[in-house]
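Colleague: Can you make the complete structure from the sequences, with help from the hints?
Protein chains in written order, with this note's numbering: chain E, 1 to 786; chain D, 1001 to 1280.
In case anyone wonders, no lab produced these hints; they're calculated from the structure.
Just so it is clear, the structure is predicted and the values come from calculations on it, not from any experiment.
Positions of the beta carbon are idealized from the N, C-alpha and C atoms, including for glycine.
Each hint should be verified, as a subset may be incorrect.
Derived lysine to aspartate or glutamate pairs resembling EDC-like cross-links, with alpha carbons at most 16 Å apart [stated by the list, open to error]:
| no. | chain 1 | residue 1 | chain 2 | residue 2 |
| --- | --- | --- | --- | --- |
| 1 | E | 315 | E | 167 |
| 2 | E | 315 | E | 351 |
| 3 | E | 562 | E | 576 |
| 4 | E | 653 | D | 1186 |
| 5 | E | 568 | E | 581 |
| 6 | E | 27 | E | 247 |
| 7 | D | 1042 | E | 284 |
| 8 | E | 597 | E | 574 |
| 9 | D | 1198 | D | 1129 |
| 10 | E | 304 | E | 394 |
| 11 | D | 1042 | E | 131 |
| 12 | E | 304 | E | 387 |
| 13 | E | 592 | E | 574 |
| 14 | D | 1263 | E | 284 |
| 15 | D | 1263 | E | 648 |
Not close to chain E: a few residues of chain D, all C-beta gaps over 12 Å, as computed [to be verified]:
| no. | residue |
| --- | --- |
| 16 | 1008 |
| 17 | 1013 |
| 18 | 1024 |
| 19 | 1027 |
| 20 | 1053 |
| 21 | 1058 |
| 22 | 1135 |
| 23 | 1139 |
| 24 | 1154 |
| 25 | 1156 |
| 26 | 1158 |
| 27 | 1167 |
| 28 | 1222 |
| 29 | 1226 |
| 30 | 1265 |
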Amino acid sequence: MSVAEQPSGNVGKVMRRKEDPPLITGKGRYVDDITLPGMLWASFVRSPEAHATITSIDTSAAAAREGITAVFTGADMTDVPAPLPMAWAPPGVQVNNPEHWALAKDAVKHVGDPVAVVIGEDRYAVQDAVEDVFVDYEPLPVVVDPEQAIAGEPFVHDSLGTNRVHEWSLAGGDVEAGFAEADVVVERRVVNHRIAGAPIECRGVIAEYRPGQLTLYSATQVPHFVRLFMALLLGIGEDRVRVIAPDVGGGFGQKLQVYGEELVACWASRRLGVPVKWTETRSENMSVAHQGRDQISRVRMGAKRDGTITAFHVKILADFGAYNMILTPLIPSLGAFVMGGCYKIPNVQTDIVGVFTNKCPTDAIRGAGRPEATQMIEVTLDQVAHELDMDPVEIRRRNFIPAEDFPAATATGVVYDSGNYDGTLDKLLEHVDVPAFRAEQEKLRSEGVYRGLGFCTWTEICGLAPSRVTGPAGVGVQAGLWESAMIRVHNTGAVTVYTGTSPHGQGLDTAFAQIVADKLGVDPAVVEVVHGDTAIGPEGRNTYGSRSLATGGEAVCKATDKVVEKVKQIVAAELEAAPEDIEVAGGKFSVKGSPDKGMALADVAGVAYIGAVPEGMEPGLEETNFYDPENFVFPFGAHACIVDVDAETGKVKVLRYVAVDDCGNPVNPLLIDGQIHGGVVHGIGQALYERVHYDADGQLVTGTFVDYALATAAELPNFETDRTITPSPVNSMGVKGVGEAGTIAASAAVTNAVIDALRPLGVDYINMPLTPMRVWEAINEGSAAS
Amino acid sequence: MIPAEFHYTAPESLEDAIQALVDGGEDAKLLAGGHSLIPLMKLRLAAPSLLVDLRKVPGLHGIERQDGAFRVGALTPHRKLEFSPELGIVAKVAAVIADPQVRHRGTIGGSLAHGDSASDLPAAMLITEAEVTLQGPDGQRSVTAADLFLDYMTTAVGEQEVLTEIRLPALDGWGSSYHKFNRRSEDWAMVAACAVVKANGSTCEDVRIGLTNMAAVPLRATAAEDALRGQELSPENIAKAAELAAEGTDPPSDLNASTEYKKHLARVMARRAIADSLAA
Chain E
1 MSVAEQPSGN VGKVMRRKED PPLITGKGRY VDDITLPGML WASFVRSPEA HATITSIDTS
61 AAAAREGITA VFTGADMTDV PAPLPMAWAP PGVQVNNPEH WALAKDAVKH VGDPVAVVIG
121 EDRYAVQDAV EDVFVDYEPL PVVVDPEQAI AGEPFVHDSL GTNRVHEWSL AGGDVEAGFA
181 EADVVVERRV VNHRIAGAPI ECRGVIAEYR PGQLTLYSAT QVPHFVRLFM ALLLGIGEDR
241 VRVIAPDVGG GFGQKLQVYG EELVACWASR RLGVPVKWTE TRSENMSVAH QGRDQISRVR
301 MGAKRDGTIT AFHVKILADF GAYNMILTPL IPSLGAFVMG GCYKIPNVQT DIVGVFTNKC
361 PTDAIRGAGR PEATQMIEVT LDQVAHELDM DPVEIRRRNF IPAEDFPAAT ATGVVYDSGN
421 YDGTLDKLLE HVDVPAFRAE QEKLRSEGVY RGLGFCTWTE ICGLAPSRVT GPAGVGVQAG
481 LWESAMIRVH NTGAVTVYTG TSPHGQGLDT AFAQIVADKL GVDPAVVEVV HGDTAIGPEG
541 RNTYGSRSLA TGGEAVCKAT DKVVEKVKQI VAAELEAAPE DIEVAGGKFS VKGSPDKGMA
601 LADVAGVAYI GAVPEGMEPG LEETNFYDPE NFVFPFGAHA CIVDVDAETG KVKVLRYVAV
661 DDCGNPVNPL LIDGQIHGGV VHGIGQALYE RVHYDADGQL VTGTFVDYAL ATAAELPNFE
721 TDRTITPSPV NSMGVKGVGE AGTIAASAAV TNAVIDALRP LGVDYINMPL TPMRVWEAIN
781 EGSAAS
Chain D
1001 MIPAEFHYTA PESLEDAIQA LVDGGEDAKL LAGGHSLIPL MKLRLAAPSL LVDLRKVPGL
1061 HGIERQDGAF RVGALTPHRK LEFSPELGIV AKVAAVIADP QVRHRGTIGG SLAHGDSASD
1121 LPAAMLITEA EVTLQGPDGQ RSVTAADLFL DYMTTAVGEQ EVLTEIRLPA LDGWGSSYHK
1181 FNRRSEDWAM VAACAVVKAN GSTCEDVRIG LTNMAAVPLR ATAAEDALRG QELSPENIAK
1241 AAELAAEGTD PPSDLNASTE YKKHLARVMA RRAIADSLAA
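Modeller: Structure representation (structure tokens):
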């Protein structure tokens, strides 16, 4: 990291994660670590068929087994008034939304669809009993390929008479006019294949219903959303439902969901009067926890001879699997909002068609729509450059939205908050000597070594909020997406921060403590951050879409500012000064210019709680803020990847990965680097290794970590990270999100690097995943063609 | 792990272990390092009624040289093989089995008795012309590596037999190399080739080439061996011989590799393995 000066306060400083010691010493408390008195276990009977009518379910043998309390099917859950939720209703758009029940009622639509639940005394007993539930299936025709599904029968949901979910477009300018101006038009069929979230902790729940009170422990990113829907689906007052997300071992979007298993556990606990626990197996997680991407796109980009892009038109066919989950059909639209990337493109259009197939549903997985958009933009742009005989760096510079244009409205009307795209690219080129690389590349080629350099310059839309845009009257999410925080200064001067976000590995306990500590003049060690419990702290909107700092952190700031205002009034009264003359410095609130006569926060809290506050002021020291920003935030960056391709076998090795990112003002550079590292692994993983694959019968082929190949440290280089700082004008801290950045950038950088390596062999495009066989085949085809 | 119910015993002698297998019937299974059996039990693809754990049985560990060969105890972990360079090709093969955790727990005997065609050690047993010792209720017998692997995950080890020892001829003066092709370092071989070469000056006095995952059992690339034996070890001759490495094979296609691609890989890996054997 070369961002030099260390700040005077805690914000901006490298600080190790205060939440880590218990997590890395086996002392965390995950759902599976929790045992409640009298608790029973649940295990699900799941469909082995991709599409079938259920003709009978015989639960008698399972129910008769020792240690089994009950076996329930969909027919038992008649008191649940509505199917599982889908929360996107865009104005003026018809979204086909078939009923999706927590336990299948008459038919199963994908492998793993749950048809019954066995409840019993221990985990082994219920797993054994699952094998004694006999379900007769009448197989129905299966459709796996989205292009086949959109063409007609067989239908996943016969009642709809189509596999089409919806159509949605976002356009700015006139793409046909733009193509008419173009000297070169590149067309691509870009496949962005299906991937898994694969968190280290699978899902898990414990539901404890007592008359008038439901408590649900769930490994979730969204306890507040889960609470709302459990209340609605079970007919319990939302105030009587408490959802707790204890330590959560990663989510990557997979745990941004309201799952049927959560509902079944709550319902069964109410029915049986005892707590019910379910811990997901890895096999279940791979086959039924929602997956991501799975888009096939027809992409056209037009440019003038000088490299100026005149039009970009993308037609996305998005495979949603068997059902709409909570935000399924919205996901590709998130890409549409940034389909012009970091380029000034006057004519941009995205047309989305959603389609059902007999596969696990898709929904948000890290990046959610933006990695797909970035891949389409960046690989197509490289081909435009190639056809114009331009350098990939040069064509990017030619088209960047200039720094002086910000805030910058794109063709589609989305306003980017801030950016300096030349700045990140300049910094990237300090790390990557392109002329030296090209000379080396040329020399190596003569020795039969195929080395490639790929770039990705990108921006994205995150900090999900603001309600006016995301909400019912805007994009159509049936919720406001603001965020909340409550700050409580205790008698002793210790501070508790209650956030409505629900971190599950991001490091927000540390980041939020740094923010609050500076404002209140205390050590971050005495600032406790509490999250993931709907009974404690204000209503919240949880963690996803790289929103927790830009929305949740800003709410923390604003709530803390309210505390500071009150503190200043108290201190001013105590020191007989004016509140506007009070400042915080050296751990004390004091009159400007007289730092010796100050009051530490603990002294102020003492006054506040004893009640010796100025006349008219309420006692206590506790404030809440609900923050709804004016706009999204738009982080950006420039990444480069260098690979070697074994032209004989097709195997790709990543030699270097350099990431220069700009997420506004850094709160903790260590956390930023951590997020970039993880995100880049995810993106490299998709580009080279990871793929969820179903065979033609709808059977999942990649159900274990043997076949679903996550990248490991052995395959990856040491990442080189750096950053520029372009503050966001949207929030007072000038921050942007960074949780998805690496993932959004990396797959395109890797793909471009592989293509760059192989151009002499006649290869000008390969779809991900760039597996050895696929690369080898592309080399064979390229060599045959040239 | 939530396996089906099973019984467990850890006998303290070989005789007791064999007796436990006899008493346990056809659903009794031996447990060595557990790195093949336990994952299958976890997925409930295997549901043995009885696990006979060999961990307390004495005399099944260690490597010692005797009469021109190494006697390797069946419970010797891959990690021990990896750091026994005197084993030549076997040490090199063991070094790239899965990851360090697996190498610390997984054993040579367990791997050979399991007989997975994608596992690394079987082909190396073929080209070292190893023999295994099997002890059963009716006594002891020896089986050559060529006769050990019968079909996919099927070996000559009887249901009531314990593979106790591997006899590896010491290939003094032979060069060796292993080229394993996989997507990630911890993965099973998509295809792999191991080679041992005995050079006399620049002439190939003898060569043996083993192939992994090209069939339901490990294979010798005999056509390639024959083409190179007696020839000068020039890059051209090696390449010509390696072109024959996939002759007669018809590996099944899978998620990561078609039949044609596997055959191509076999030729490339064989060439690289032979060439690198000369340097080592």
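Colleague: Does each hint fit the structure? Answer for all of them.
Modeller: To see whether the hints hold, each was checked on the structure:
no.: 1; hint: 315/E x 167/E; in the structure: holds (11 Å)
no.: 2; hint: 315/E x 351/E; in the structure: holds (5 Å)
no.: 3; hint: 562/E x 576/E; in the structure: violated (21 Å)
no.: 4; hint: 653/E x 1186/D; in the structure: holds (15 Å)
no.: 5; hint: 568/E x 581/E; in the structure: holds (9 Å)
no.: 6; hint: 27/E x 247/E; in the structure: holds (10 Å)
no.: 7; hint: 1042/D x 284/E; in the structure: holds (13 Å)
no.: 8; hint: 597/E x 574/E; in the structure: holds (11 Å)
no.: 9; hint: 1198/D x 1129/D; in the structure: holds (14 Å)
no.: 10; hint: 304/E x 394/E; in the structure: holds (14 Å)
no.: 11; hint: 1042/D x 131/E; in the structure: holds (15 Å)
no.: 12; hint: 304/E x 387/E; in the structure: holds (11 Å)
no.: 13; hint: 592/E x 574/E; in the structure: holds (15 Å)
no.: 14; hint: 1263/D x 284/E; in the structure: violated (35 Å)
no.: 15; hint: 1263/D x 648/E; in the structure: holds (13 Å)
no.: 16; hint: 1008; in the structure: holds (14 Å)
no.: 17; hint: 1013; in the structure: holds (31 Å)
no.: 18; hint: 1024; in the structure: holds (20 Å)
no.: 19; hint: 1027; in the structure: holds (16 Å)
no.: 20; hint: 1053; in the structure: holds (20 Å)
no.: 21; hint: 1058; in the structure: holds (33 Å)
no.: 22; hint: 1135; in the structure: holds (32 Å)
no.: 23; hint: 1139; in the structure: holds (38 Å)
no.: 24; hint: 1154; in the structure: holds (20 Å)
no.: 25; hint: 1156; in the structure: holds (27 Å)
no.: 26; hint: 1158; in the structure: holds (29 Å)
no.: 27; hint: 1167; in the structure: holds (32 Å)
no.: 28; hint: 1222; in the structure: holds (23 Å)
no.: 29; hint: 1226; in the structure: holds (24 Å)
no.: 30; hint: 1265; in the structure: violated (6 Å)
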